[in-house]
Amino acid sequence: MKGKNTLLHQYELFVDHNKLILAIILAVIILLFPFVIGSQYLLTVSVKIGSYVILAMGLNILTGYTGLVSLGHAGFVAIGAYTTSLLTVRYNVNFFIALLAGITLAGIVGILLGMPTLRVSGTYLSIITLGFGEIIKMIAMNWNAVTNGTLGIKNIPKPSIGGFSFTVSNYGLYYLMIFFVIVVSCFCLALVRSKTGRALMAIRTDELAATMMGINVTRYKILAFSLSAIFCALGGGLYATLIGYIDPNTFNFDVSTMILSIVILGGMGTLRGMFIGAIILIALPEVSRFLMEYRFVLYGVILVVMMRFRPQGILGWRSTMPFKLSKHVQNELNDTDLIHQTHVGELAYE
Amino acid sequence: MMLSVRNLNTYYGAIYALKGIDIDVDKGEIVSLIGSNGAGKTTLLNTISGVVKSSKGQVTFKDRDITNISPYQLTKMGVGISPEGREVFPELTVEENLRIGAYIVNDKEKIRSGYDRVYELFPRLKERTKQQAGTLSGGEQQMLAVGRALMSDPEILLLDEPSLGLAPNYVTLIFDMIKEINKQGVTILLIEQNANMALASSDRAYVIENGLVSMSGDAKDIANDPRVKKAYLGLG
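So the sequence lines, in the order shown, correspond to chains A and B. With the numbering used here applied, the first sequence corresponds to residues 1 to 350, in that order. With the numbering used here applied, the second sequence corresponds to residues 1 to 236, in that order.
In short, the hints are calculated from the structure, not lab data. Hints are not guaranteed to be accurate.
[What the hints assert, rightly or not] Okay, derived cross-link-like pairs now, EDC-like style, lysine to aspartate or glutamate, Cα gap no bigger than 20 Å in a straight line: (1) B:K130 with A:E12; (2) B:K56 with B:D203; (3) A:K195 with B:D176; (4) A:K195 with B:E109; (5) B:K53 with A:E12; (6) B:K27 with B:D153; (7) B:K220 with B:D24; (8) B:K230 with B:E209; (9) A:K195 with A:E207; (10) A:K195 with B:E95; (11) B:K130 with A:E293; (12) A:K195 with B:D107; (13) B:K53 with B:E84; (14) A:K195 with B:D63; (15) A:K195 with B:E84; (16) B:K183 with B:E120; (17) B:K27 with B:D203; (18) B:K76 with A:D254; (19) B:K183 with B:D26.
[As the list claims (entries may be wrong)] Simulated DEER-style distance windows between Cβ atoms: (20) B:I15 with A:I127: 24 to 34 Å; (21) B:P168 with A:A27: 52 to 62 Å; (22) A:V305 with B:K56: 55 to 65 Å; (23) A:S194 with B:G13: 33 to 43 Å; (24) A:V305 with B:Y16: 34 to 44 Å; (25) A:F253 with B:P168: 35 to 45 Å; (26) B:Y16 with A:N144: 54 to 64 Å; (27) A:S194 with B:K229: 51 to 61 Å; (28) A:Y124 with B:N68: 45 to 55 Å; (29) B:Q193 with A:S194: 33 to 43 Å; (30) B:M1 with A:L208: 25 to 35 Å; (31) B:N68 with A:F253: 38 to 48 Å.
Bear in mind that the values here come from a model prediction, so they are computed numbers and not experimental data. Glycine included, C-beta positions come from ideal geometry on N, C-alpha and C.
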């Protein structure tokens, strides 16, 4: 059998056999990370990675699973960040309520934008979303009365519950981010394995065939669009409170491409890929600061090399493990001698 | 009448593809549409299923007007479609493909019995439940496409070129299965270029030429018609 002795197969075998131990080790590392490291700077970068994992998970629903490429998701990030920040700064609303308002607004905007635009697909959709991202940025820049224009919003407070403030220095923000990343990951995992997830993947593969199965393609596209808008707004709100300052340029086109790059680099249509993609693309500019302005060249080289040698993304592979039949099929196979059951079986076995 | 098409006209841009077609399919029948490339067979199926909009005419299913309906609504009404060129979802497993076929079914028990029905018809698929559909052979993919259309428990099945590009033994197998499915009470509208096989397996047939029905009647009579023999069966 091909692929039996490849590195990938051995790795999968190893992971499969030591699942529990590896999970525990990983959990311990993640939970104890702040105490071992202690550096404010590294923690800030980690929290930033967390927020980008959420953004990538959001775009992944749309691009990875439904097959629609958006170049304007920075617009949804901006909606989440601005709504959350404005409500907390101006009206002293609790951060979590403001965040909820932000993601709700983004969800609604997602539906409103999706309804007319999702009838087009491919490149045309990408161009429309690109325009959307720019429009949101322009609104943030010019609607001075609300967004404070190019001066941006300063002193965005850290989230707090009952007097406890989640900051980077008391590790609160780190654990809060982990909490949100876990919530989003679990949601995505459940989504992918649900009827809705299957419908989205069917649409990605073949819209016409999906329609023939009774799937309302437009409705599901809008749903995917709206869900991804919601997660991007969530990531945006968390990002704003981490950095403490936002202005229209925080949400320029680079952010959209950054999210898309994470999704592609990590592996479209996988959840694990979002983590590795975010870690590499967010941490890389930080760890390679000694390269000065050349670090973005390195960044570009990595992307180009990736596309040449691993276009499916770093973690974008299908399991090489031998497939297992579902329990009830296995039982029946044991009970009956399928091969001679019907003449069809015989013919198929020739 | 289960499915009836009256004076159906369809344009592809400036091309006049269907020029007023009348077709009837009765409950429990196997009806085949034969004709050469470009005659309008697939256009007819696409117009019935609403993928292409008609400019004139009417399609009714069980006395309900379904002209220019959205394709996804059709499945809910009990019409199963297996599109041309198989169109299985290659990245998904066999089981996932079937599960998507049962998309409109919410009853778990019914989905389970749908699996059993398909696996009984096509035991080959049963051993490949967890295999990606794209890695199946052409014949197996065709089985999967038919099985997937059966998962929604349709009253009528529209099959577009089920024998396209298959090895001869698979062609026989697929036609046997179509007859078997028909015995289970599913009405079948079959579109085929393989006129020999199609006429041998159907009750009635329509010959389509240049967007018009040029001949219709009992499948046996059509198979014996000298013009059909010459043009489609390679005899005479």
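Hints and how they fare:
1. For a cut-off of 20 Å, the pair hint linking K130 (chain B) to E12 (chain A) stands: about 17 Å separates their Cα positions.
2. At roughly 28 Å between alpha-carbon atoms, K56 (chain B) and D203 (chain B) are farther apart than 20 Å, so this suggested pair is violated.
3. Proposed proximity of K195 (chain A) and D176 (chain B) is contradicted: the alpha carbons are some 32 Å apart, above 20 Å.
4. With a C-alpha separation of about 16 Å, the suggested pair K195 (chain A) and E109 (chain B) falls inside the 20 Å cut-off, and the hint holds.
5. Pair hint K53 (chain B) plus E12 (chain A) does not hold up; C-alpha atoms about 50 Å apart against a cutoff of 20 Å.
6. Between K27 (chain B) and D153 (chain B) the alpha-carbon distance is near 15 Å, which keeps this suggested pair within the 20 Å criterion.
7. Among the hinted pairs, K220 (chain B) with D24 (chain B) is consistent with the structure: their alpha-carbon atoms are about 18 Å apart, no more than 20 Å.
8. As the CA atoms of K230 (chain B) and E209 (chain B) are separated by approximately 14 Å, the hinted pair is consistent with the 20 Å bound.
9. Of the pairs offered as hints, the one joining K195 (chain A) and E207 (chain A) holds, with about 16 Å between alpha carbons and a cut-off of 20 Å not exceeded.
10. Under the criterion of a C-alpha separation no larger than 20 Å, the hint pairing K195 (chain A) with E95 (chain B) is consistent with the structure, at around 13 Å.
11. Our distance criterion of 20 Å between C-alpha atoms is broken by K130 (chain B) and E293 (chain A), whose separation comes to about 49 Å.
12. Taken as a hint, the K195 (chain A) and D107 (chain B) pair is honoured in the structure, with Cα atoms around 13 Å apart against an allowance of 20 Å.
13. The straight-line distance between the Cα atoms of K53 (chain B) and E84 (chain B) is roughly 18 Å, inside the 20 Å bound, and the hint therefore holds.
14. Distance hint between K195 (chain A) and D63 (chain B) is unfulfilled; the C-alpha atoms sit about 32 Å from each other, more than 20 Å.
15. This hinted pair does not check out: K195 (chain A) and E84 (chain B) have alpha carbons roughly 25 Å apart, beyond 20 Å.
16. Taking the CA atoms of K183 (chain B) and E120 (chain B), the gap is about 14 Å. The hint holds against a cut of 20 Å.
17. The hinted pair formed by K27 (chain B) and D203 (chain B) meets the criterion: a straight-line CA distance of about 12 Å does not exceed 20 Å.
18. Restraint check for K76 (chain B) and D254 (chain A): not satisfied, since their Cα atoms lie roughly 44 Å apart, outside the 20 Å limit.
19. Restraint check for K183 (chain B) and D26 (chain B): the C-alpha separation of about 14 Å stays at or below 20 Å, so the hint holds.
20. For the hinted restraint 24 to 34 Å between I15 (chain B) and I127 (chain A), the CB-CB distance of approximately 30 Å keeps it satisfied.
21. Restraint check, P168 (chain B) to A27 (chain A): a C-beta distance of roughly 58 Å satisfies the suggested window 52 to 62 Å.
22. Checked against the hint of 55 to 65 Å, the C-beta distance between V305 (chain A) and K56 (chain B) comes to roughly 57 Å, which is consistent with it.
23. Judged by the Cβ atoms, the range 33 to 43 Å given for S194 (chain A) and G13 (chain B) holds: they are separated by roughly 40 Å.
24. At roughly 53 Å, the beta-carbon separation of V305 (chain A) and Y16 (chain B) lies outside the given 34 to 44 Å, and the hint is violated.
25. One distance hint, 35 to 45 Å for the beta-carbon pair F253 (chain A) and P168 (chain B), is violated here, with the actual separation near 56 Å.
26. Between Y16 (chain B) and N144 (chain A) the beta carbon distance is about 59 Å. The supplied range of 54 to 64 Å therefore holds.
27. Between S194 (chain A) and K229 (chain B), the C-beta spacing of about 54 Å keeps the proposed range 51 to 61 Å intact.
28. Between Y124 (chain A) and N68 (chain B) the beta carbon distance is about 24 Å. The supplied range of 45 to 55 Å is therefore violated.
29. Distance hint for Q193 (chain B) and S194 (chain A): a CB-CB separation of about 40 Å, consistent with the stated range 33 to 43 Å.
30. For the pair M1 (chain B) and L208 (chain A), the supplied restraint of 25 to 35 Å holds, since their beta-carbon distance comes to about 28 Å.
31. Taking 38 to 48 Å as the suggested C-beta distance range, the pair N68 (chain B) and F253 (chain A) conforms, at roughly 41 Å.
Of the hints listed earlier, those the structure fails to meet are numbers 2, 3, 5, 11, 14, 15, 18, 24, 25 and 28, in rising order.
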